[in-house]
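Colleague: Next come the chains, spelled out residue by residue.
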Amino acid sequence: MEYLIHLAILFSIYGILGISLNLVVGYTGLLSVTHAAFYGLGAYATAILLTTTGIGFFLSLIIGVLVAIITSFLIGIVLSKFDDDYYALASLGFNTIIFALFLNWQSLTRGPLGIPGISRPELFGFDFSSNLSFLILSLIILVLIFYISKFIVNSSFGRVLKAIRGDEKAIQVFGYNTAYYKLTIFVISAGMAAVAGSLFASYITFVDPSSFTVFESIFILAIIILGGLSNMRGVILGALFLILLPEALRFVGFPPDIAAQMRQVIYGLILVLLMLYRPQGLLGEYKL
Amino acid sequence: MSVLQTKNLTKRFDGINAVNNLSIDVEKGKITSIIGPNGSGKTTLINLLSGMIKIDDGVVSFNGSKELSKIQPYQVGFYGVTRTFQEVRLFEQMTVLDNILVVLTERNVFNSLFEKHKQYHLKKAQEVLEKIGLWEKRNQLAVNLSYGQRKLLEIARVLGVDAEIILLDEPFAGLFPEMVKIVSGIIKELKQKGKTVILIEHNMDLIRELSDHVFVMDEGKLLAEGEPHKVLEKREVVEAYLGE
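So the protein sequences, as listed, match chains F and P. Here the working numbering is used: the first sequence runs in plain steps of one and ends on residue 275. Here the working numbering is used: the second sequence runs in plain steps of one and ends on residue 245.
Everything labelled a hint here was simulated from the structure, so no lab data went into it. There's no promise every hint is true.
The calculated EDC-like cross-link candidates involving lysine to aspartate or glutamate, where the alpha carbons are at most 20 angstroms apart (straight line), are [what the hints assert, rightly or not]: (1) P:K125 / P:D163; (2) P:K31 / P:D206; (3) P:K189 / P:D163; (4) P:K29 / P:E68; (5) P:K71 / F:E155; (6) P:K55 / P:D15; (7) F:K156 / P:D206; (8) F:K156 / P:E190; (9) P:K55 / F:D114; (10) P:K29 / P:E190; (11) F:K137 / P:E107; (12) P:K231 / P:D213; (13) P:K125 / P:E179; (14) F:K137 / P:E116; (15) P:K182 / P:E131; (16) P:K71 / P:E88; (17) F:K156 / P:E171; (18) F:K156 / P:E131; (19) P:K31 / P:E165; (20) P:K55 / F:D154; (21) P:K55 / F:E234; (22) P:K194 / P:D206; (23) P:K31 / P:D163; (24) P:K231 / P:E93; (25) P:K125 / P:E190; (26) P:K231 / P:D26; (27) P:K124 / P:D163; (28) P:K67 / P:D57.
Could you put the whole structure together from the sequences, leaning on the hints where they help?
Modeller: Written out as structure tokens, the structure reads:
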């Protein structure tokens, strides 16, 4: 049971990451590969604040979100100069820079040693130290993020995002300065990723840079591409699939000396086959 | 009264002048056509006027505005300008209705987060979609429309914004006769409402029927201008189309 709760918590965290990245990639059509950086900023903010100050988890979460918002605002201004493939490459560059900060700013992050001993949340005397209570908290936040995102994409603002994805120049002619829209959604998305990071740090009770590499950004991207771009329920399905699939492959019964490698091969193969036969993802509306 | 003016407008692509030192005056409330053989610079001119490409030299002014040597696409709406495209550019993965609503609703980023659409936006969208006969298809994705319907939807999008200067880049291309009637009716109606229409078109019968004034372009330059029946008979215009 504890194992299933653990998977469900991971699913909630990656669900938040997927939903938030989908706002940028799925709805706006900007191929961002920098999400793990904002996820990491949230995680590190919570880790540092909970281990060095007396403030509570929820305040640390808010500060983490603010750090991600300010950072993403600055990154977003630079990214607004780029389009298409160049946007993806530049965003990847920013992920690498922030990862390097996590790794090398040792006085703050303890570098590769990471930060242990992060406490679990407490709210009005209620302690979320059990995994079940933490799961309830993370599911509540997932649902909240889901509905906030739904509200955004169903608004006029969301309609403009979809128009930007469709034809940015064409929507500009109708009086929209699209740079503001792209920057706003990028910042909102980063703030949401920081929420996931705070949850992750408090759940695992330890953070180190290895959780926030470019590969993590690619994994989150895989969740939304697999689940379906610009489809909220698709992203939830994608997160569920990519969290559960490697776990399910543990039970296939490969010989122990090649089990790990075989799991990776099959995992990769399933993704390739899905993209070949279902390029718009499980529930997606369009292809990248 | 002039509503659009260009002075020495120039655009070069790889050293070739696509628009070459072009100075024109467009009169308010008239249908002005821009004609010329393929590659004469008509679409480049429209792209310059709508900020889609950068001006290399020269200036543009709209409605008595200051002379602009740089135009951003998002600014042209402010000057009361809107356009259609030679190749239809819709928001393909959005519904027919959303293609119209998106040009009607709130422009302020923050306010737009708290608005879906107002009742009068919906009413306006219904009005323009009924005009082109696409109201029944309002919930279909634009990508699923026929070519002609897509072309009409692009025109409906322009009608929605109620701009003063409307640039139409080959709005009749590829349309069935019935649709041509609808579009030419819409253009005449725009003129009746006092709007200025700038039309790029190859069909000379439609040019004669609709235009008050014609500019003829060749190799990026202004070759001739005037009333359509006079301009179309000029020897240099015929030669530009048919060769000497």
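Colleague: Does each hint fit the structure? Answer for all of them.
Modeller: Structure-based check of all given hints:
1. Pair hint K125 (chain P) plus D163 (chain P) holds up; C-alpha atoms about 10 angstroms apart against a cutoff of 20 angstroms.
2. With a C-alpha separation of about 18 angstroms, the suggested pairing of K31 (chain P) with D206 (chain P) holds against the 20 angstroms cut-off.
3. Restraint check for K189 (chain P) and D163 (chain P): satisfied, since their Cα atoms lie roughly 15 angstroms apart, inside the 20 angstroms limit.
4. Taken as a hint, the K29 (chain P) and E68 (chain P) pair is honoured in the structure, with Cα atoms around 18 angstroms apart against an allowance of 20 angstroms.
5. With a C-alpha separation of about 19 angstroms, the suggested pairing of K71 (chain P) with E155 (chain F) holds against the 20 angstroms cut-off.
6. For the proposed pair K55 (chain P) and D15 (chain P), the alpha carbon gap of about 14 angstroms is at most 20 angstroms, so the pair holds.
7. A C-alpha spacing of about 32 angstroms is found between K156 (chain F) and D206 (chain P), which places the hinted pair above 20 angstroms, so the restraint is violated.
8. Note on K156 (chain F) and E190 (chain P): the hinted pairing is violated, with a Cα-Cα distance of about 28 angstroms set against a maximum of 20 angstroms.
9. About 60 angstroms separates the Cα atoms of K55 (chain P) and D114 (chain F), which puts this hinted pair outside 20 angstroms; it is violated.
10. For the proposed pair K29 (chain P) and E190 (chain P), the alpha carbon gap of about 15 angstroms is at most 20 angstroms, so the pair holds.
11. In summary, the hint linking K137 (chain F) to E107 (chain P) is supported, as the alpha carbons are separated by about 19 angstroms, within the 20 angstroms threshold.
12. Of the supplied pair hints, the one linking K231 (chain P) and D213 (chain P) holds, its CA atoms being roughly 11 angstroms apart against a limit of 20 angstroms.
13. For the hint pairing K125 (chain P) with E179 (chain P), the CA-to-CA distance comes to about 24 angstroms; that exceeds 20 angstroms, so the pair is violated.
14. Among the hinted pairs, K137 (chain F) with E116 (chain P) is consistent with the structure: their alpha-carbon atoms are about 13 angstroms apart, no more than 20 angstroms.
15. Only pairs whose Cα atoms come within 20 angstroms are accepted, and K182 (chain P) paired with E131 (chain P) is accepted, the gap being roughly 15 angstroms.
16. Pair hint K71 (chain P) plus E88 (chain P) does not hold up; C-alpha atoms about 24 angstroms apart against a cutoff of 20 angstroms.
17. Between the alpha carbons of K156 (chain F) and E171 (chain P) the distance comes to roughly 19 angstroms, so the proposed pair stays at or under 20 angstroms and holds.
18. For the hint linking K156 (chain F) to E131 (chain P), the alpha-carbon distance of about 27 angstroms lies beyond 20 angstroms, and the restraint is violated.
19. Between K31 (chain P) and E165 (chain P) the alpha-carbon distance is near 11 angstroms, which keeps this suggested pair within the 20 angstroms criterion.
20. The suggested pairing of K55 (chain P) with D154 (chain F) holds, with an alpha-carbon distance near 18 angstroms, which does not exceed 20 angstroms.
21. Taken as a hint, the K55 (chain P) and E234 (chain F) pair is broken in the structure, with Cα atoms around 54 angstroms apart against an allowance of 20 angstroms.
22. A C-alpha spacing of about 23 angstroms is found between K194 (chain P) and D206 (chain P), which places the hinted pair above 20 angstroms, so the restraint is violated.
23. The hinted pair formed by K31 (chain P) and D163 (chain P) meets the criterion: a straight-line CA distance of about 16 angstroms does not exceed 20 angstroms.
24. A C-alpha spacing of about 42 angstroms is found between K231 (chain P) and E93 (chain P), which places the hinted pair above 20 angstroms, so the restraint is violated.
25. Of the pairs offered as hints, the one joining K125 (chain P) and E190 (chain P) holds, with about 16 angstroms between alpha carbons and a cut-off of 20 angstroms not exceeded.
26. Between K231 (chain P) and D26 (chain P) the CA atoms are separated by roughly 18 angstroms; this keeps the pair inside 20 angstroms, and the hint holds.
27. Taking the CA atoms of K124 (chain P) and D163 (chain P), the gap is near 14 angstroms; set against the 20 angstroms cutoff, the hint holds.
28. Simply put, K67 (chain P) and D57 (chain P) have alpha-carbon atoms about 18 angstroms apart, close enough for the 20 angstroms limit, and the pair holds.
When each numbered hint is compared with the structure, violations occur for hints 7, 8, 9, 13, 16, 18, 21, 22 and 24.
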